[in-house]
Amino acid sequence: MAEHPMPPPAPMSASTQRLRNLLFAALGLLVLLNVFIHPHHPHFGLETIPGFWALFGLAGAVILARGAKGLAHTVLGKDENFYERGPED
Amino acid sequence: MTEFLHPSLFFVACAAAVWLLPGRLGRWLPPVAAALAIASVLAMQPGSHTRISYLGLTLGLGRVDSLSMVFAHVFAIQALIGFIFALHVEDRWQHVAACMYIAGAFGCTFAEDYVTLFIFWELMSVASTFLVWLRRVPASTRAGIRYFLFHILGGLLLLAGLLLRHQATGTFAFEAADPAAARFYDTLIMLGFCVNAAVIPLHAWLPDAYPEATVTGAVFMSAFTTKTAVYVLLRAFTGFEILGIMGTLMTIYGVVYATIENNARRILAYHIVSQVGYMVAGVGVGTAMTVNGACAHAYAHILYKGLLFMGAGTLLYAAGTAKLSELGGLFRRLPWAFLWYMVAAVSISGFPLFSGFVSKTMTITGAAEAHHTWLALGMEFAAVGTFLSVGIKLPYFAWFGRPDPGIALKPVPRNMYAAMAIAGLLCFYIGVQPGFLYRLLPHPVDYAPYTPWHVLQTLLLLGFTGLGFYLLRRKLVPEAKLNLDVDYFYRLIGRWVLALARRPVELIDNWWTEFYNRAGLRGLMNVAGGSVWFDKRVIDGVVDGTAVGVRRVGHTATGVQTGRLQDYLAIAVVLGLAVFAAVWYAG
Numbered sequence: 001m002a003e004h005p006m007p008p009p010a011p012m013s014a015s016t017q018r019l020r021n022l023l024f025a026a027l028g029l030l031v032l033l034n035v036f037i038h039p040h041h042p043h044f045g046l047e048t049i050p051g052f053w054a055l056f057g058l059a060g061a062v063i064l065a066r067g068a069k070g071l072a073h074t075v076l077g078k079d080e081n082f083y084e085r086g087p088e089d
Numbered sequence: 090m091t092e093f094l095h096p097s098l099f100f101v102a103c104a105a106a107v108w109l110l111p112g113r114l115g116r117w118l119p120p121v122a123a124a125l126a127i128a129s130v131l132a133m134q135p136g137s138h139t140r141i142s143y144l145g146l147t148l149g150l151g152r153v154d155s156l157s158m159v160f161a162h163v164f165a166i167q168a169l170i171g172f173i174f175a176l177h178v179e180d181r182w183q184h185v186a187a188c189m190y191i192a193g194a195f196g197c198t199f200a201e202d203y204v205t206l207f208i209f210w211e212l213m214s215v216a217s218t219f220l221v222w223l224r225r226v227p228a229s230t231r232a233g234i235r236y237f238l239f240h241i242l243g244g245l246l247l248l249a250g251l252l253l254r255h256q257a258t259g260t261f262a263f264e265a266a267d268p269a270a271a272r273f274y275d276t277l278i279m280l281g282f283c284v285n286a287a288v289i290p291l292h293a294w295l296p297d298a299y300p301e302a303t304v305t306g307a308v309f310m311s312a313f314t315t316k317t318a319v320y321v322l323l324r325a326f327t328g329f330e331i332l333g334i335m336g337t338l339m340t341i342y343g344v345v346y347a348t349i350e351n352n353a354r355r356i357l358a359y360h361i362v363s364q365v366g367y368m369v370a371g372v373g374v375g376t377a378m379t380v381n382g383a384c385a386h387a388y389a390h391i392l393y394k395g396l397l398f399m400g401a402g403t404l405l406y407a408a409g410t411a412k413l414s415e416l417g418g419l420f421r422r423l424p425w426a427f428l429w430y431m432v433a434a435v436s437i438s439g440f441p442l443f444s445g446f447v448s449k450t451m452t453i454t455g456a457a458e459a460h461h462t463w464l465a466l467g468m469e470f471a472a473v474g475t476f477l478s479v480g481i482k483l484p485y486f487a488w489f490g491r492p493d494p495g496i497a498l499k500p501v502p503r504n505m506y507a508a509m510a511i512a513g514l515l516c517f518y519i520g521v522q523p524g525f526l527y528r529l530l531p532h533p534v535d536y537a538p539y540t541p542w543h544v545l546q547t548l549l550l551l552g553f554t555g556l557g558f559y560l561l562r563r564k565l566v567p568e569a570k571l572n573l574d575v576d577y578f579y580r581l582i583g584r585w586v587l588a589l590a591r592r593p594v595e596l597i598d599n600w601w602t603e604f605y606n607r608a609g610l611r612g613l614m615n616v617a618g619g620s621v622w623f624d625k626r627v628i629d630g631v632v633d634g635t636a637v638g639v640r641r642v643g644h645t646a647t648g649v650q651t652g653r654l655q656d657y658l659a660i661a662v663v664l665g666l667a668v669f670a671a672v673w674y675a676g
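Taken in sequence, the protein lines are chains A and B. Under the working numbering, the residue at position 61 of the first sequence is numbered 61, and the numbers go up by one with no gaps. To convert, count from 1 in the second sequence and add 89; that's the working numbering.
If you're looking for bench data, these hints aren't it; they were derived computationally from the structure. Wrong hints could be hidden among the right ones.
Claimed, not checked - Only some residues are given here: those of chain A computed to face chain B with a beta carbon under 10 Å: (1) M12; (2) A14; (3) S15; (4) G51; (5) G60; (6) G67; (7) A68.
What the hints assert, rightly or not - Here are some chain B residues the structure puts well away from chain A; computed CB gaps all over 12 Å: (8) R272; (9) Y274; (10) L423; (11) P541.
Note that beta-carbon positions come from the ideal geometry of N, C-alpha and C, so glycine has one too.
The following block holds chain A by itself, in its conformation from the complex (with noise of 0.2 Å):
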């Protein structure tokens, strides 16, 4: 079977857009929320700046994306056969 592609960006729906907004705007109210409630026992310093915790994933997201898919465009990304050839064929 073929790899089907990735369509082209679809222009987004006007529900969609509103959605997406409404996420926006939850993560938002996530940060404000950490402006009042911190941990009791911080376990290090850093901990106790708002939006730390936000600030974490999503750096670790875009770092483990980027990171990770560079890896494999690079060094550990083979062809897919790679271990089916035997060393003389």
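Here the structure of chain A is known, so what remains is to put chain B in place on it, guided by the hints.
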């Protein structure tokens, strides 16, 4: 006897019955055996039961305490769920293999000494290898050989360690080792355990073999092998700091590979490495809280990981492929599989109200409170990766993402959905009623998961991971590629050994053929009858079955090859026992 009935008995009896019963009747027995196992686990009383004498040794088959109970509890439940999921499978050998495999897991869990442990340990290796082979495709045959060879290595490390330990201490007792006074034999035993716990860099057998196993076999394997290993590590090596570091590295290593993998079942397999990492780290940190965390996470993990494999297995069963690059848009056509998969996905990601939240945060908080801040941060980073790859990427590309490629779907049997529903409801139940799980743990629990801060922190972490995916979603498109892992090295070594061995073996083969072709006297021919057998069976077996088979000149040989491998396997087991007996009598 009423206070302890060994659950393995039910599964061994069931395996025998499924084997002997005619027709399709046998399929109904395994769920019954699992139900009996649940009853026997619930009725068990703490203590040391079922001691038997064997070879002048006293073997303890029934150590029941708070640690073995947690694992036995979830093993029994998962056995029931797995067998309901497998109810439609007509191949009786799959049921026999699964029964023997689970019998092995229970045997390890209740083993009081290393000899008993070793016997059941090997039973698990052999039986699980069949769960790979019984998919009966060339790729699974090959993956099964590598899987089995690697587990032989692990078994040998364990065997060497336990024999050396016996020589030094005079006992086979399976007790905790002292981290401050660890000896060489302890290291050997720990390495043997680490093979099964898929501790990097000994992990490659797992993502290599699990995606090639049968649809239902992978569900069983995801539950028992690694978690039995976590149990034995907890039993013997709590507080060994190296495990804390290796466990945290595992959590990250697994998610890096899961982020770039294409095959859904291989993504999940890498997530086993990652999730078991949390447990291994908990063992290594070794405080009451992280030990509890490791047990709780093992319990929760068995349920949601089984469910994830059921979801991905359903994709494979229905669509005939588990490769994300070939799937997409199946949300409308497999809505129930999607729903239950998502329950498991949010559980593994540690969303509040689901099981991962009450177990994962316990290990991380425990590590932080024991002042292992870097380990805790590493595990939080892995939590980001978990949600990114298994919570968003996999479902996005399998169920949404692209338009439906229009694959013809095979109808999914109802029993598969029933099993997913049970597992999904349990994931949710544990998430909202963590007391159910916490009561089972070996140490008293002083941890409240549902504080405003824990919930907010988790939502921040996961919410912004989602934002990261949204921004990079076009970069994360799965690619039909293979990613190198450390199995590259042992595949390479295997190839060299074969290349080296092939020439001498061929030489002997040619010489032998020549010999009895030339000396074609009648009288000699009778003698040669035996040689022909030897030639066909042994030399050609070695040459064709291994050298050529592994070099994959023809896929047609697979059927024959599987038959021969069973012979090799039997020989390997007999040899292992012979070595053991010899060492035992000599010592």
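Against the structure, the hints:
1. M12: 12 Å, violated
2. A14: It is violated, given that the least Cβ distance between A14/A and chain B is near 18 Å, above 10 Å.
3. S15: 15 Å, violated
4. G51: Holds: closest Cβ of chain B sits about 8 Å from G51/A, inside 10 Å.
5. G60: With Cβ-Cβ at 4 Å, under 10 Å, it holds.
6. G67: At 7 Å from the nearest chain B Cβ, G67/A passes the 10 Å test, so the hint holds.
7. A68: 4 Å, holds
8. R272: 35 Å, holds
9. Y274: For Y274/B, whose nearest Cβ neighbour in chain A is about 36 Å away, the distance exceeds 12 Å, so it holds.
10. L423: Since the minimum Cβ distance to chain A is about 17 Å, L423/B lies beyond 12 Å and the statement holds.
11. P541: 5 Å, violated
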